[in-house]
Structure formats: structure tokens, C-alpha cells
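The sequence shown: position 131 = 140 (my numbering), numbered continuously.
Treat the hints loosely; a few may be bogus.
What the hints assert, rightly or not - Computed list of lysine-lysine pairs in DSS-like fashion (alpha-carbon distance at most 27 Å, straight line):
hint	residue 1	residue 2
1	Lys11	Lys279
2	Lys279	Lys267
3	Lys388	Lys109
4	Lys229	Lys388
5	Lys317	Lys267
No lab work stands behind these hints: they were computed from the structure.
Note that the structure is a prediction, hence the values are computed from the model and not measured.
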Amino acid sequence: MKVAIIGSAQTQYVSAQKDLNLYHVIFRTVSEALKDANICISDVNAIVQCNNDYFDGVAINNMWTAEACGGAIVQDETRVESDGIFGAVLAAAKVGSGLKDIAIVMASSNSSSVSPYYPMALATDPFYTRSFLNEITALALQARLYAEKYGISEEQAAMVAVKNKKNALNNPLALSKGEFCVDDILYGKPMAIPLTQMNTPPEPCDGTCVLVLASEEKAKAVCDNPVWINGIGYNSASHILGARDLTQIESCRAAAGKAYRQAGITDPVKQIDVAEISDVSAFHELMLYEALGFCDAGRAGAFMDEGKTQVSGDIPVNPSGGILSGTPFMARGLARLTEAYLQLAGKAGQRQLPGCEVALAHGTLGLCLQNNCVMVLGKN
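Given the sequences, and given the hints that come with them, work out the whole structure.
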């Protein structure tokens, strides 16, 4: 059964949500998404939440957030403790199986209370790596290995951050935006060589993202321009970093291959009009160009130099500004999916690109991009 996206809502992404608590923010965002989809909470028969006790600093957090999502009315509520795009996979499965008609997916983070980098430091093997790695240092290690193997310069990676932060000027929800030069990126506050605060996502970042999914019958009944999920692929790499080639993101390559086969994509650069990918660092956006088949291994730097991923390029990447412009930790992938949906639905506002028919969305979670999901969306 075909599955469509029929509505969405996102909060302003901020360094600290001060005017409302997390539950009020979720309730308001879900309400806005339902309004955007032209439905009521009574029409929804499945809720999928993507949040995490560690990242929000509250035990059994979904007991409270489920109510904010409408869980008191909707009895089918599931929690996915992973990136929001994986919650969208579950929601699509519920709807696509015919068991449910309409599902909402909610992803949120309250990282002004607890930085996600602290609990992520406990995600590694306790005997060999826990003392040495956290999210940022693991990404730095991977970026360094990749850059040295393929001769990728720090300047080429910096151009990714320049691009995304400039794109974010057209995104009123973005936290970090502006006209920067390469030197601004290179000489940002050091995090872990070669990463700086300017080529990694801004933290903390609070906010919520919600998507509404529907069956073909329901989508056509309530929505004039539904956006269809034409391909889904997801894959996980080894938890042991030493068992992986960190200069490649093979689980993303495998996920993309599955999604492309389902959607009939054989030449992504020619067939995909816009891509929203999880740029967990500027170096990793380059790595994802290769994993997603936009260019050959080791060619991402040149691909960037040629302007292929600019908004005027062959395959615009992250016209929203991406994660480098600021996205709540657990909502990173769902926000990418939402932005891809907005482009095809013609609802992207100032960041709208002309003539978009096919879009790609990518999400990831885990040290060194262990788990990856790719979705291909289409207007038809």
C-alpha cells in the first residue's frame, strides 16, 4: 500500500526553549501539524515518538510526551529511541501494512538540559574505547582518516559549512546562519582536530519536529498535493569501530541502494532534484556525497569545488541549511525528511527551489554514522 506525507510542523530551533516546557512545545507542534494536514487528532490511529530519556534528562520521558502527542486519545503509541527518520520508517510500515490509516511521527530534544554528547560517550565498548571517544572525537577521528586517505583539504570541507550556513539565511527556523568565509570556519573554536564549532552542529539545540503520514485513500481524501514515499532503505554497521572502514559510510551506501531500487533511481544526480542529508560535520557531508552515489569515492572535494551541491547546482544539498544550521539531536533525520517534503509540497517558503519532483532525505545515529536511513520522495 502506498504511503504519503500530508502535513508537518517544526518549532523554531533555539539554544534553549525558555517560554514553554518541552511538553507544551510538543503539544503545540503536533497541533500545528494536524492543522497543516487538515485533520483532527481523532483521525489519527498511530503515534510514533522519537526521544530519549538520557538526552532529555527525564526518566520514562515518553510517558509524558505521549500525552502531549495525543496519546490519551490515540491508543497505539510506540517509542523509537533513535533518530526521528527511523520513527518515520516505523510509521510508514504501520500505514503501508494497512493496519493504520494515519500516523504522526514526533521527534524532539531538550539538549539545553542535557548535552547529547555526554550520554553518547557511554555508547562505545566499555573495555577498549569508552575512555577515549564521544560523538565529536569519534567524528573527528573519522574525518581525519577520510581526509588523509583521499587528500580532502580542510578548505574543501569548510566550503560545505559556508554553503549550509548561507542557505540557512532563507530558513527562519535555523539556529546558526550567516555569510561566512572559509577562514571563519577554519579558525572557529577547536573541538577535536579537524573539527571546530563552525564545521559541526551548534549545541545545545532545542526543538520539535512532527510529520503526518497517511494511506493512499486517506491522503487523497484530505490532501490536494500529497508527497509519496517511493523508497525506503536502512542499514546498520558494526558497533565495533575497529571492524569498519571509517573512510567509507558503507551502511549509508547499502541503505541508499535499497531506497534507489524501490524508487527506480539509477542516476541520483540526474533523477533527484534536491537532497536533505545529515551533515553531522562538514567533512561528513562530503563523505555522504560518496555514500549516496553522487560521486565516486574520494571525489567529493572536487564535487564540492565544482558547485554541484549549491542551490543552483546539479543536485542541491541542504537548501534548508542542514544540521550545521542547528537541529535538535533526536530530530535531525526527521527534520531532513520534513524539509524534503516541504520542497515537493511547495511549502518551503524562502528556501523553496523551483521544479522539484523527486527528493532524498537521509538520517543517521550512532558513532561514526553507524546506522543510516535513506528515503526517496516523489510528487507522483
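Right, here's what the structure says about each hint:
Straight-line distance between C-alpha atoms of Lys11 and Lys279 comes to about 24 Å, which keeps the hinted pair within the 27 Å bound. With a C-alpha separation of about 18 Å, the suggested pairing of Lys279 with Lys267 holds against the 27 Å cut-off. As the CA atoms of Lys388 and Lys109 are separated by approximately 22 Å, the hinted pair is consistent with the 27 Å bound. This hinted pair checks out: Lys229 and Lys388 have alpha carbons roughly 13 Å apart, not beyond 27 Å.
Taking the CA atoms of Lys317 and Lys267, the gap is near 24 Å; set against the 27 Å cutoff, the hint holds.
Consistency with the previously given hints is maintained throughout, with no hint failing.
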